[in-house]
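Novice: Quick note, the sequences are listed as chains A and B, same order. Here this note's numbering = 1-based position in the first sequence + 2. Here this note's numbering = 1-based position in the second sequence + 2.
FYI, nobody ran anything at the bench for these hints, they're computed from the structure. Here the structure is a predicted model, which is why all the values come from computation and not from measurement. Do not take every clue at face value.
With the C-beta cut set under 10 Å, the calculated list includes, among others, these residues of chain B facing chain A [unchecked claim]:
| # | residue |
| --- | --- |
| 1 | His8 |
| 2 | Glu84 |
| 3 | Thr98 |
| 4 | Pro103 |
Glycine is no exception: its CB is placed at the ideal position from the N, C-alpha and C atoms.
Number of protein chains: 2
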Amino acid sequence: MSFTPHPLDPSLDLELVRHVPVSPAAVYAAWTDPDSVRQWFAPRPYSIPVCEIDLRPGGGFRTVMLSPEGEQMMDSTGCYLEIVPDERLVWTAALTTGYRPQPSDMPFTAVLELRPDGSGGCHYRAVAIHQDPEGAAQHASMGFHEGWGTVVDQLVEHLQGSS
Amino acid sequence: MSFTPHPLDPSLDLELVRHVPVSPAAVYAAWTDPDSVRQWFAPRPYSIPVCEIDLRPGGGFRTVMLSPEGEQMMDSTGCYLEIVPDERLVWTAALTTGYRPQPSDMPFTAVLELRPDGSGGCHYRAVAIHQDPEGAAQHASMGFHEGWGTVVDQLVEHLQGSS
Chain A
3 MSFTPHPLDP
13 SLDLELVRHV
23 PVSPAAVYAA
33 WTDPDSVRQW
43 FAPRPYSIPV
53 CEIDLRPGGG
63 FRTVMLSPEG
73 EQMMDSTGCY
83 LEIVPDERLV
93 WTAALTTGYR
103 PQPSDMPFTA
113 VLELRPDGSG
123 GCHYRAVAIH
133 QDPEGAAQHA
143 SMGFHEGWGT
153 VVDQLVEHLQ
163 GSS
Chain B
3 MSFTPHPLDP
13 SLDLELVRHV
23 PVSPAAVYAA
33 WTDPDSVRQW
43 FAPRPYSIPV
53 CEIDLRPGGG
63 FRTVMLSPEG
73 EQMMDSTGCY
83 LEIVPDERLV
93 WTAALTTGYR
103 PQPSDMPFTA
113 VLELRPDGSG
123 GCHYRAVAIH
133 QDPEGAAQHA
143 SMGFHEGWGT
153 VVDQLVEHLQ
163 GSS
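Between the sequences and the hints, there should be enough to build the whole structure, so can you do that?
Specialist: Written out as structure tokens, the structure reads:
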């Protein structure tokens, strides 16, 4: 399948674009292995003690996030929609395991796109797709850009530390 | 990919199972061609003047249903999730084009499963997957079994009439 980037709707979508000095395959592996996700997916000092991944279209995932004091901040579930190893992951918070609809305060679909940069690194793009401008504004004000940016730094650190 | 039927959750899912005397390929074609859908998808005397289908994972669809008096009863949109020609279609009303979440009074995901019966006919199974028992009960009381059953009869009639 040829690569078609998600066409951004600036009124409804939030986008994070980065260049990272690790390969698309390494980034993809870090996003899809629960042991790895626990290491970098929460902006520190928050932590992810629980990560469950059923990596197939229709498979569910779950992450639990704790505050530094050990308080549960989030218990997030969702459903994988598209899986193209080393290149593209799509999942949504509007569905859970088996594509079952689930209620959500801020339903969004996420697209992760990874492209080789020709010299071993990766063009990294994450897009959060919302149902209305209010949802996008709420996600932005909750710190989408800072949060998703911080975890990319932590992801790279994790990969460089473990290589 | 081997065929794995949707595992039914009787408290959340509604199921229609039928045997029909037309092939899985013919049923699949009738479900995926807009001109065909317009012929059988609304229980008569209701009608479907508008049917739009973008048949790919993440592609949207839309149907508009009119009463016999010409009043618009429904304008339904959704998103295709899985497409296995002649065998399986999965779509959801919880998302629209490009996997974008959309508000819905009664969000459900639908699975259509088609299996050859060995003598030219088809084992036909449709499952509607809801987020809670209330959603399933609401869909049942709106006439899921009667409505989805009637349109299977109309689908077969359409295929036999056009063959």
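Novice: Checking against the hints above, which ones are violated?
Specialist: Those not satisfied: there are none.
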